[in-house]
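Protein chains: 2
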Amino acid sequence: MVDETILDDDALAAPLEERPDDRVDDERHDEDNRLKPEFVRSVIDALDDGDTGRVHNLVEPLHEADVADLFEILDAGDRPLLAAAIPDLMTGEVIAELNDYVRDDMMEALPPEAVAEIAEQLDTDDAVQLLEDLEPEDQAAILAEMEPEDRAAIESALAYPEETAGRLMSREFVAAPEHMTVGDIIDYLRDADADELPTEFWEVFVVDLAHKPVGTCQLSWIMRAPRSTPLVEVMKRDQTLIPVTMDQEEVGNMFQKYALISAAVVDENGRLVGQMTADDVVHIVSEEAGEDVLLLSGAGDGDINEPIRDAYVARVRWLVANLGTAVVASAIIAMFGAAIEQLVALAVLMPIVASIGGNAGTQTMAVTVRAIAMNQLTRANTRRMIWRELRVALLNGATVAVLIGVAVALLFEPQLGGVIAAAMMINILVAGLAGVAVPVIFERLDQDPAVASSVFVTMITDSMGFFAFLGLAVAAGLAG
Amino acid sequence: MVDETILDDDALAAPLEERPDDRVDDERHDEDNRLKPEFVRSVIDALDDGDTGRVHNLVEPLHEADVADLFEILDAGDRPLLAAAIPDLMTGEVIAELNDYVRDDMMEALPPEAVAEIAEQLDTDDAVQLLEDLEPEDQAAILAEMEPEDRAAIESALAYPEETAGRLMSREFVAAPEHMTVGDIIDYLRDADADELPTEFWEVFVVDLAHKPVGTCQLSWIMRAPRSTPLVEVMKRDQTLIPVTMDQEEVGNMFQKYALISAAVVDENGRLVGQMTADDVVHIVSEEAGEDVLLLSGAGDGDINEPIRDAYVARVRWLVANLGTAVVASAIIAMFGAAIEQLVALAVLMPIVASIGGNAGTQTMAVTVRAIAMNQLTRANTRRMIWRELRVALLNGATVAVLIGVAVALLFEPQLGGVIAAAMMINILVAGLAGVAVPVIFERLDQDPAVASSVFVTMITDSMGFFAFLGLAVAAGLAG
Chain A
63 MVDETILDDD ALAAPLEERP DDRVDDERHD EDNRLKPEFV RSVIDALDDG DTGRVHNLVE
123 PLHEADVADL FEILDAGDRP LLAAAIPDLM TGEVIAELND YVRDDMMEAL PPEAVAEIAE
183 QLDTDDAVQL LEDLEPEDQA AILAEMEPED RAAIESALAY PEETAGRLMS REFVAAPEHM
243 TVGDIIDYLR DADADELPTE FWEVFVVDLA HKPVGTCQLS WIMRAPRSTP LVEVMKRDQT
303 LIPVTMDQEE VGNMFQKYAL ISAAVVDENG RLVGQMTADD VVHIVSEEAG EDVLLLSGAG
363 DGDINEPIRD AYVARVRWLV ANLGTAVVAS AIIAMFGAAI EQLVALAVLM PIVASIGGNA
423 GTQTMAVTVR AIAMNQLTRA NTRRMIWREL RVALLNGATV AVLIGVAVAL LFEPQLGGVI
483 AAAMMINILV AGLAGVAVPV IFERLDQDPA VASSVFVTMI TDSMGFFAFL GLAVAAGLAG
Chain B
63 MVDETILDDD ALAAPLEERP DDRVDDERHD EDNRLKPEFV RSVIDALDDG DTGRVHNLVE
123 PLHEADVADL FEILDAGDRP LLAAAIPDLM TGEVIAELND YVRDDMMEAL PPEAVAEIAE
183 QLDTDDAVQL LEDLEPEDQA AILAEMEPED RAAIESALAY PEETAGRLMS REFVAAPEHM
243 TVGDIIDYLR DADADELPTE FWEVFVVDLA HKPVGTCQLS WIMRAPRSTP LVEVMKRDQT
303 LIPVTMDQEE VGNMFQKYAL ISAAVVDENG RLVGQMTADD VVHIVSEEAG EDVLLLSGAG
363 DGDINEPIRD AYVARVRWLV ANLGTAVVAS AIIAMFGAAI EQLVALAVLM PIVASIGGNA
423 GTQTMAVTVR AIAMNQLTRA NTRRMIWREL RVALLNGATV AVLIGVAVAL LFEPQLGGVI
483 AAAMMINILV AGLAGVAVPV IFERLDQDPA VASSVFVTMI TDSMGFFAFL GLAVAAGLAG
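From first to last, the protein sequence lines stand for chains A and B.
Under my numbering, residues 63 to 542 are what the first sequence spells out, in order.
Under my numbering, residues 63 to 542 are what the second sequence spells out, in order.
Take these hints with a grain of salt, some might be off.
No distinction is drawn between identical chains; accordingly, a pair holds when it is met within one copy or between any pair of copies.
Once the Cα atoms are required to be at most 30 Å apart in a straight line, the calculated DSSO-like pairs of lysine-lysine come out as [unchecked claim]: (1) Lys98 to Lys274; (2) Lys298 to Lys274; (3) Lys298 to Lys98.
The hints are simulated quantities; they were obtained by calculation from the structure and are not laboratory data.
It should be emphasised that the depicted structure is a prediction, and the values quoted were computed from it without experimental measurement.
Chain A extracted, bound-state conformation:
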């Protein structure tokens, strides 16, 4: 462990300069760094008054990411008004920070030349984001307006599938041949024009004659080494290489596992073609980890800026699928119609068994889906996981079965208490098994386990809940 490194400042300090405002200020942001409703209100009022000067004054002090947030918070109708009021503040960074849906909406309203101009201000990876979801003809019109070189970079990115490293990587990076020294690279960086270098870079990748990475140097290592040192003596040989075809979820897992700040992306032949940096990966990881809750619930993209029609299409198919599984469960109930007619208590109590089973199944399923996504659940430990979940289910089942069994025995009759307790135990065990098995099977079939597991697990726990409870009641001679 080392100490905090602070340089002596006993020497005379330079005269105090003006201090910038802290980013988290009280006037415009709340304690969670969100724009205050009062601030948003004042912008909307100024827009309503048509007072573009006031709008500009209000928005000017904001960081680009906050300007983007402001657009997202405004109603769709107010967004073009805001854009018109602050043309000089509508930088490429603001556009890049916008939510996909909000951005696509705004881009569709602009002529291709204007979008092309914005795209050329951006790094390739941001420009690709800007264009990838537009209609093919809009995309083509915009690309036609761009410089050939930029166009080629974007087209090459679009040739890779969505959510792969090839699509997401930055094509701007610093690579050095292996014969260079520390002094060579420093001189090169000093002499280069700013626009020849990436906006931000944290490592220099060392490549061989075939342009294959042979090692990587963190900038701090280069700064600390004497000028005459060969780069190959400073660099680390053991580096994580990201294949262009790697899915973004795996890229996120690699960055997490190996605690990376940036990593080289290589093509099919092992040649360096781009880099991924941790600031982009933070977004990816958030998206990937956050989408499981949306997928499991059947909410599709789940973005609050998604157009209503898209949200409807994404969600209604899962509701209809659920309708199908609910009908299966109903058919099971219908088999026991005579029993229910005889003993209405069965109808009163049966949803309890189904509901708790569904909840227990969802718990196990959530744990399983998360473990699969994090690469923690593999073929090597699946059996252990199933065994573990069955033991948890045994404990959960016993607890819930005793509670409901005793309550029903007291309120209805003892035998019915025994029946509901047994049905509950069975259903929670089945839920534990299904909660692991369904996502694992989807994963083995190369399907995303978060997408459809819910429907199947719920069908199993609903059907089993009704069947076990009603079936046991009939078997016990209580009715039917």
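Model the placement of chain B on the given structure of chain A, informed by the hints.
Structure of chain B alone, referenced to chain A:
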């Protein structure tokens, strides 16, 4: 946009050096970079044979993060055997990479001196992780064995609440007084001993005499500037400062929003006390975004390495809570006992209305919880969100109501079809409203909306489903 920056390599290249193995090799990893089951099997076999030499040979080529993965995949009983077989490979990094539960287990088996020795190898933030979940007396015993300076750093971190920047930040960073030049800082870094500097750093923070940050310099800016340039001319004044008390979820949001690689952490007086870097934030973001799915399902921590008893305690309380809400729904059904006795079809069909309503509510709730976590849903746009969800619910409700209404009208009787369609419409609208309102209310009460929303939304949709369907059936004169 700039081109890829590759330096000319027309000069004669240095002789080819040995190439390191790529990290993603075919022998030990599958295509998702997980350890292959066959490889894990061979380690287990060697452990079973007591052949520590073979174990060592198998494990030695692995990256520390993979050694940690291997421990996690092994059964708890095999882990001490593996540790004993590879004492020299059990570095601080392996320990730091271990899953919390697996690590705590292993630490509890070691004497305090051994743990203290491991902790001293680590950066403070990793050492804190190692100690924070141990029993207070174990913690005290370990701290007593450490160097006073390291102990003080860890105690200061432990004084901050869990999951705040103060607990998580690295206390190692490079700060420079504002009178320094680029040459001064380069000379300082060159002359410093390696153990006086952080293991990794990406920015130099410029501070005033009171040790408050006034700006930040990316290393690349320093490298590119002439030696005589004052740091204050190179630095960016507008920087994101993280207060020590900030919750990790907000830290993750700041890094995402402002695309940070590292950021200065400041204490109550605005003084620089630490830094957070993107490699740690990637973990935090993954944990925060991933925990929503676990919390919403009531699965607690949801870690597959959590001891069974902990998993039981975490989950059973939600099952019991759900039992309570299911009983409420049952009480509503019981109110309509006479109607069900008269028309068993009601019992057969009623779970459909409750089930689809529950699903629709879960969809909206997932979207809302995610939007709150991402700071996208604020007081400024809550009303718009509710209105949006109601419109989606109207579309979903209409679709599902028509489908089930027609089917029931054909299979049972027309009037019952009308009743179930109306009940479905009502329940899906209620689900949409509850799906937004419940998490938003929890958030306004400063509660985590992911924790308990599910129980309430399900109770509302179940109860409303049964009440609307059975109540409308009775009102329509179908039964009762």
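- prompt: Out of the numbered hints, which ones does the structure contradict?
  reply: none
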